[in-house]
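Using the sequences and the hints, build the whole thing.
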Amino acid sequence: MATGPVVDNSTDQQDRFDDLFEANYVAIFRYCVRRLGSADAEDAAADVFAVAWRRFHEIPAGEASRAWLFAVAYRVIGNTYRSRRRQRSLSDRLKSDTAVLVSRPWFESAPTQQVRCLYRALSSLGVADQELLRLWSWDGLTRSEIAYVLGINENAVDQRLHRARTRLRTRFDRLSGSSTQQEAEEAST
Amino acid sequence: MTDLMDLNDPAAESNTDRARLRAMVDDRIGGFERPMPIPAQAKRPWLLALAGFAVIVIAVAIPAFLVDEPGDLPIGNEFIELPGVERMVPLASGGVQTGAVDGDTIWIVTALQNKLQKISAQSGEVLAIYDIGAHVEGVRSDSGYLWLMSYDNEGEVLRFNPTSGQVDRTIALGGLPAGAAWFGDSLWVSTDRSELFQISPEGEILSSQTGQVKGTGFGFLWVNDPSTNLISSLSTDGVLGEVVIPTDGVVTPTGTDIREVTEASGYLWLTLAGSSPSAVVRFDLETLSLQPLAVATEPWAATEFGGYLWMTSRFDNLLVRVDPTSGDVRRYPLPGKPGAILVADGALWVALYQPGSLLRLDITSDLIETAEPVTYGGTDGHHLICTGGDPTTTASPTVILEPEAWMNYGSWSLVQALVSEEGYRVCADGYLDGDPRPEQRSADLARDLAGQGIAGPYLLVGFGDGVHTVRLFANGRSDIIGVVLVDPTPLGFQTFYDSRLFEIGVEGGHPPWLDLPVDVSTSLEDFGTIPLVVIGQDPRATYLSDQFMAFVGEDNARSINDYWQDGLAFYGGLSSDSRAMTALGTGSSGIIWSHPEIVVRQVLGLLDRTTVK
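Chains as they are written, first to last, in numbering that gives the first Met the number 0: chain A, 0 to 188; chain B, 0 to 612.
Do not take every clue at face value.
[Stated by the list, open to error] Derived DEER-like restraints, expressed as beta-carbon distance ranges: (1) A:A155 to B:G143: 48 to 54 Å; (2) A:A63 to B:E124: 39 to 45 Å; (3) A:A155 to B:A18: 37 to 43 Å; (4) B:G173 to A:T165: 38 to 44 Å; (5) B:S234 to A:G139: 54 to 60 Å; (6) B:D565 to A:A63: 33 to 39 Å; (7) A:E21 to B:D565: 25 to 31 Å; (8) B:Q208 to A:A63: 40 to 46 Å; (9) A:A127 to B:G132: 26 to 32 Å; (10) B:T227 to A:S123: 46 to 52 Å.
[What the hints assert, rightly or not] Here are a few chain A residues that face chain B, going by a calculated C-beta distance under 8 Å: (11) S37; (12) E41; (13) D46; (14) F48.
Hints are computed from structural coordinates only; laboratory data are not their basis.
Ideal placement from N, C-alpha and C gives every residue a C-beta, glycine not left out.
Right under this line is the structure:
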């Protein structure tokens with residue numbers, strides 16, 4: 000890992016990091032809330048910026064820094080999921096009362112039946128489709144930013160996004176139809 | 000469909016507490032120690048002073064342009080030779096957290112740039128600088144290797160081979176390293192998840208259990224036992240709890256309170272974490288008794304040397320010496336924020352977190368000493384740290400030291416010690432937490448001076464952005480007898496500076512809250528005949544340096560220079576009794592650290608002119 004001796008002068012990393020934090024902490028926090036729930040979101044967001052500090056020299060200049068942060072967040076959240084799985088596994092092995100933080104699913108907070116259907120349709124999609132749609136719609140990333148975060152090219156983003164939207168529509172229609180029918184049945188009884 | 004999704008973002012209203020999230024980030028990037036604020040010169044590395052050679056127009060109120068020259072030092076970031084400092088070794092960057100000694104070699108990690116530096120303890124020469132490529136917060140040396148505690152990849156230990164200059168072994172921890180010690184024939188590392196690993200010299204994990212490493216002493220590894228939150232002994236054969244450090248109702252050295260445990264002079268010494276109140280606790284293993292000693296804010300890095308216990312306070316910028324038997328405490332101000340303490344080549348070494356440097360000290364000489372301060376605590380973390388007499392009992396003047404934005408009162412430790420040594424009362428103004436705007440600082444200062452009975456007259460000293468607080472505080476008062484401004488930041492300077500950088504494609508140099516949009520309508524605009532001294536850095540080491548010109552271009556450098564000059568001329572013009580001077584030989588590390596004697600000379604000069612002690 001280490002290489003030969005090098006000499007480097009200090010930079011104004013602290014200042015630029017502070018700017019980066021100010022400009023992005025809300026977006027990164029919300030990204031984490033959407034994927035982890037509010038219980039773990041702050042920790043994950045803090046982890047993202049801690050990584051940013053440690054790898055500061057890798058962060059591209061300008062607006063590209065936002066996509067870089069999202070890419071880090073994407074991986075931090077992946078680690079959090081893996082960590083949760085390990086915790087559950089450990090807890091099971093020990094058969095103890097070890098607390099395992101499992102967030103309340105975000106889609107349970109849906110305000111209306113229609114939105115609940117939307118959230119359920121979304122969560123029924125594959126992980127990759129969900130991530131694409133959330134990055135596009137809720138995180139407001141551009142095609143090129145999404146490509147950067149997911150490590151694919153922009154054409155692939157277009158194609159996958161199109162397919163994901165189609166699947167979401169299909170699932171949503173199915174769920175809304177059944178829920179409408181269920182509501183009607185409940186109303187008649 | 001996507002419209003429906005756009006309109007129903009489940010996190011659209013989710014907000015986090017910015018300050019709390021930032022503190023969490025700071026905790027993570029600071030590692031073993033929360034990173035301290037960096038000095039203004041590091042944030043704005045090219046601060047300019049009144050130039051001796053640049054063409055400037057100084058207000059007619061300034062009768063003469065003086066030059067205060069610190070001896071024959073060359074131009075640049077040079078430090079005055081302080082008593083007891085045998086050698087000062089510049090390091091690759093700031094952010095010095097920890098170090099280790101291996102024979103005659105000192106190893107230092109600078110966390111801001113992930114550099115591992117090899118330094119000869121005999122000559123002070125930097126022998127090599129290695130780019131580790133990982134964020135390393137801790138370092139231990141034993142078994143012929145250097146063991147680096149890395150925060151990367153969810154926490155890991157890196158075994159560095161000093162011969163090859165390579166990391167040849169990586170041990171995953173699954174948690175961020177939060178303590179490490181060489182004990183027995185093994186490295187013991189604990190993580191932020193309270194997992195304690197025993198690692199062999201070959202890099203194999205021999206055992207794991209719960210616990211947090213706090214230090215070694217009396218043949219034990221001392222760990223925090225998560226099940227009791229008490230510091231307990233762990234023997235080489237794995238027995239936990241043969242000795243448990245008790246709590247006595249007054250002193251509560253529980254695991255969450257203790258930063259580290261050190262053996263010295265027949266006692267176990269526990270340094271308490273947290274900023275206030277702060278103490279070191281002496282633990283007698285024979286009587287199991289606890290004896291707390293107030294030393295400084297956030298003491299840490301305790302080391303025994305020369306029959307004393309030594310530690311630093313990064314908050315107070317102090318080196319602290321404790322007599323282990325009598326409990327006598329001595330405090331020595333340092334020219335920067337301290338990090339690690341090391342013993343090598345028969346000498347005590349202190350690594351400065353900022354500016355990044357390593358000091359070799361001669362403890363047999365007369366180090367500059369400061370008295371135990373009296374703390375006047377206000378609300379909201381605002382404090383006045385006073386030395387040199389009781390400011391509430393006499394009517395002679397009190398010197399108020401106003402720090403640069405992001406600094407705290409500790410940044411003044413050297414200046415404060417040198418002024419109070421002359422018999423004057425000095426109060427440094429600051430906060431234990433937070434960085435309020437000048438308007439708030441001024442209001443808190445006025446409130447707490449009045450509330451604590453510290454009446455005027457006052458001599459005000461402001462550093463950098465501290466000028467804004469000074470002017471706000473001075474407005475409408477008749478008890479100001481003099482003002483010294485050290486590198487006062489011109490209004491709007493940050494915006495102008497950033498605009499020049501933007502021209503060359505460098506975005507933003509400063510966080511928005513640093514470009515203080517101070518409400519100058521309530522600032523003192525006319526000092527009348529109040530004596531005023533403006534001290535600036537040497538421009539040849541700052542904006543007009545070859546390095547800065549190469550960075551921003553000559554035209555930009557000169558326009559930034561002109562802006563700064565205009566600002567300083569404005570400040571100089573506030574009083575009809577003003578002087579301006581350049582502190583030659585001072586560069587980017589801050590006059591108050593590199594040449595405190597220049598500031599002290601001007602403060603004492605004003606006090607001599609205007610008062611009788």
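**Prompt:** Can D46 (chain A) be said to touch chain B, with a Cβ gap under 8 Å?
**Reply:** 7 Å, holds
**Asked** Is it true that E21 (chain A) and D565 (chain B) lie within 25 to 31 Å of each other by Cβ?
**Response** 29 Å, holds
**Prompt:** If you check the beta carbons of S234 (chain B) and G139 (chain A), does the distance land in 54 to 60 Å?
**Reply:** Given range 54 to 60 Å: holds, Cβ gap about 58 Å.
**Prompt:** Using the C-beta atoms of D565 (chain B) and A63 (chain A), is the stated range 33 to 39 Å upheld?
**Reply:** 36 Å, holds
**Prompt:** Given E41 (chain A) as an interface hint, is the shortest Cβ-Cβ distance to chain B below 8 Å?
**Reply:** With Cβ-Cβ at 6 Å, under 8 Å, it holds.
**Satisfaction of the hinted span 37 to 43 Å by the C-beta atoms belonging to A155 (chain A) and A18 (chain B)** = This hint holds: roughly 40 Å between Cβ atoms.
**Request:** Go ahead and decide if the range 38 to 44 Å is satisfied by the Cβ distance of G173 (chain B) to T165 (chain A).
**Result:** 40 Å, holds
**Request:** Could you tell me whether the CB distance from T227 (chain B) to S123 (chain A) stays inside 46 to 52 Å?
**Result:** Because 47 Å falls inside the window, the suggested range holds.
**Message:** Restraint: F48 (chain A) near chain B, CB-CB cut 8 Å. Satisfied or not?
**Reply:** 4 Å, holds
**Prompt:** So does A155 (chain A) sit 48 to 54 Å from G143 (chain B), Cβ to Cβ?
**Reply:** This hint holds: roughly 50 Å between Cβ atoms.
**Message:** A range of 40 to 46 Å was offered for this pair. Does it hold for the Cβ distance of Q208 (chain B) and A63 (chain A)?
**Reply:** 45 Å, holds
**Item:** Satisfaction of the S37 (chain A) interface hint, Cβ to chain B closer than 8 Å
**Value:** 7 Å, holds
In this structure, none of the earlier numbered hints is contradicted; all agree with it.
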